[in-house]
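Protein chains: 2
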Amino acid sequence: MSKPLILVTNDDGITAPGIRKLISIVNQIGDVIVVAPNSPQSGKGHAITINSTLSFEELNLDGPQKDFSCSGTPVDCVKMALDKILPRRPDLVVSGINHGSNSSINVIYSGTMSAAVEAGVEGLQAIGFSLSDLKWDADFDQAEEFIKEIILKTLENPMPKGVVLNVNIPKLPKEDIKGIKVCKQANAKWEESFDERTNPHGRKYYWLTGYFNNMDQSEDADETALANGYISIVPVKFDLTAYEYMNELNSIYQ
Amino acid sequence: MSKPLILVTNDDGITAPGIRKLISIVNQIGDVIVVAPNSPQSGKGHAITINSTLSFEELNLDGPQKDFSCSGTPVDCVKMALDKILPRRPDLVVSGINHGSNSSINVIYSGTMSAAVEAGVEGLQAIGFSLSDLKWDADFDQAEEFIKEIILKTLENPMPKGVVLNVNIPKLPKEDIKGIKVCKQANAKWEESFDERTNPHGRKYYWLTGYFNNMDQSEDADETALANGYISIVPVKFDLTAYEYMNELNSIYQ
Numbered sequence: 001m002s003k004p005l006i007l008v009t010n011d012d013g014i015t016a017p018g019i020r021k022l023i024s025i026v027n028q029i030g031d032v033i034v035v036a037p038n039s040p041q042s043g044k045g046h047a048i049t050i051n052s053t054l055s056f057e058e059l060n061l062d063g064p065q066k067d068f069s070c071s072g073t074p075v076d077c078v079k080m081a082l083d084k085i086l087p088r089r090p091d092l093v094v095s096g097i098n099h100g101s102n103s104s105i106n107v108i109y110s111g112t113m114s115a116a117v118e119a120g121v122e123g124l125q126a127i128g129f130s131l132s133d134l135k136w137d138a139d140f141d142q143a144e145e146f147i148k149e150i151i152l153k154t155l156e157n158p159m160p161k162g163v164v165l166n167v168n169i170p171k172l173p174k175e176d177i178k179g180i181k182v183c184k185q186a187n188a189k190w191e192e193s194f195d196e197r198t199n200p201h202g203r204k205y206y207w208l209t210g211y212f213n214n215m216d217q218s219e220d221a222d223e224t225a226l227a228n229g230y231i232s233i234v235p236v237k238f239d240l241t242a243y244e245y246m247n248e249l250n251s252i253y254q
Numbered sequence: 001m002s003k004p005l006i007l008v009t010n011d012d013g014i015t016a017p018g019i020r021k022l023i024s025i026v027n028q029i030g031d032v033i034v035v036a037p038n039s040p041q042s043g044k045g046h047a048i049t050i051n052s053t054l055s056f057e058e059l060n061l062d063g064p065q066k067d068f069s070c071s072g073t074p075v076d077c078v079k080m081a082l083d084k085i086l087p088r089r090p091d092l093v094v095s096g097i098n099h100g101s102n103s104s105i106n107v108i109y110s111g112t113m114s115a116a117v118e119a120g121v122e123g124l125q126a127i128g129f130s131l132s133d134l135k136w137d138a139d140f141d142q143a144e145e146f147i148k149e150i151i152l153k154t155l156e157n158p159m160p161k162g163v164v165l166n167v168n169i170p171k172l173p174k175e176d177i178k179g180i181k182v183c184k185q186a187n188a189k190w191e192e193s194f195d196e197r198t199n200p201h202g203r204k205y206y207w208l209t210g211y212f213n214n215m216d217q218s219e220d221a222d223e224t225a226l227a228n229g230y231i232s233i234v235p236v237k238f239d240l241t242a243y244e245y246m247n248e249l250n251s252i253y254q
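Chains V and Y supply the protein sequences, listed in that same order. FYI, in UniProt numbering the residues of the first sequence are 1 to 254. FYI, in UniProt numbering the residues of the second sequence are 1 to 254.
This list has only true hints and no planted wrong ones.
Just so you know, same-sequence chains aren't split out, so a pair can sit in one copy or run between any two.
Calculated lysine to aspartate or glutamate pairs in the EDC-like style (CA-CA distance at most 16 Å, straight line): (1) K153 to E248; (2) K189 to E122; (3) K84 to D195; (4) K84 to E192; (5) K148 to D31; (6) K84 to E196; (7) K237 to E248; (8) K161 to E244; (9) K189 to D216; (10) K204 to E58.
Please keep in mind that the hints were generated in silico from the structure rather than gathered at the bench.
One chain only, chain V, in its complex shape (with noise of 0.2 Å):
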C-alpha cells in the first residue's frame, strides 16, 4: 500500500518550530509536503488575499519533506498548495503545531484553525494542532505520542465531509496528560482592553490586548478538559447556519 499523501501548514511561519515538530511526526507516518506562510500570520483568521499577489518558492530544509514558502495567509497556503504545488489531492491536511491555544471562541480567529477548515471545505480531512504554550521554544516533545496516535485514527476512520478536528493540548510534561477527550466548543470570549499610547507626533494608537473569559464550566467544554489536563479534540464544521432557530425566524418573516 502507497504511503498517504500529507500536507503541512500553520499560521506561526515554516521556521516556528511548533511545524518542524509536526512535520518530523508525519514524515513518520507519509510523504509530506509543507506549503507554509513565509511570516507569522496569526489571528489571520479566515482571510484570503485578494487585492494583492501571491507567489512560493521552494525551499531547502534538512529532512525528507518538501519545503515550500509562501507569502499569503493559512487559507491562502492551502489554496496555492492544491492547484500549484501538490501533485495529487493530499490524503491528510495539518496545521500547526500552533504556539498558544486555538480552544473555544479562539477557533474563529486562528489562521491555523482557518487552514484546516479550508481544506475540509475542499472535501478533504483535515486536522489543527496547538499547544496552550504561546513561548516561541515551547517544548512541543510531550504531546508527539499523542499527536501521532489523532493522525493515525483519522486515516484510519475517516470524517464525513464538513468536518475537521480543532486538536488542543494542555501545557502539561507527557506523564500529566491523562489522555485524549471529544469535546464541545467550550463558550468563552476575550473581553477587549486596547492598550493606548500616544506617537512622537502626538497622535494617538492602540494595541489590541484583553483577558480571556471562560463562561461554561460544562464538563464536556474543551475549556474543561484542557483545564483537568485532558487533550482536547472538537469536531469542527463550516455549515454555520443555526439550525435551531430557523422555526422562530421563520415565524418572524411569514
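Got chain V sorted already, so can you dock chain Y onto it with the hints?
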C-alpha cells in the same frame, strides 16, 4: 422611549456606496455611529490585528451620524468601537451593504459577515447585509424597504445569544424581488484557479481567481432562494462544534 443606538461597519471601507446607503437607512431608525475600515478589507474573514498597531479618527461627513475611520480589519472595527468609541453597548450592529454576495460558504471569507459574527460573540444583535453585485456603483436603492423591515423586525424580536443574521439581496429591480426567505447556508465552494504571471525580474507570481460551484439545489438553501428572486436570511452561529459527529468520534477515542 429612547432611540436605539446602532453601530454600522463594513469591509469595503467607510466611503463605499454600500455602507453610505445602509447609514441612510438606519439614520431613519436610531442614533447611528459608524466605525468602519479606512481601506478595502474584502476577504479578510475574522482576521484581527495583533502584530501591529491600530488607530482611528473622526470624519466629518454629511448626515446626523458620527463617522469614525479605523485602520484595522472589520473585526478590529467592532472591537475598537465597543472598547473605545461607543458611549454604551449598542442595541444593534449592522454590517454592509457589501458590494458582492456573502451567501453560502462566502460567510467564512467575508469581512462583512465576520464583523457581524464578532458583534454576536459580544452578545449583541447583529446583521450583515450583502448585495449580489460587485460593482462600486451598484444600485442599493432597490433593497431599502426590505433592509428596513429586517432591521425593525430584529429590534422587535431579539435573537437568542449566539445567533446573527446573514442577509443577501439578489441583483434585481425592486418590483422583481419576490420577498424574504429564511434559508440554510448552501453547500457550495470556490474552485480555485490561480492566474500565473511573471514579473519584470522573471519571478512567477499569482492572482487568486476561481469560479463558484454551487452543489446544493435544495429548496431551503440560500443560493436557491437568491436564484429564485428572494432575499435570503440565514441565521448564523459561531459555535462550530459538529455535535452530530461527537458520538462517532467518542467511539474512536474510547
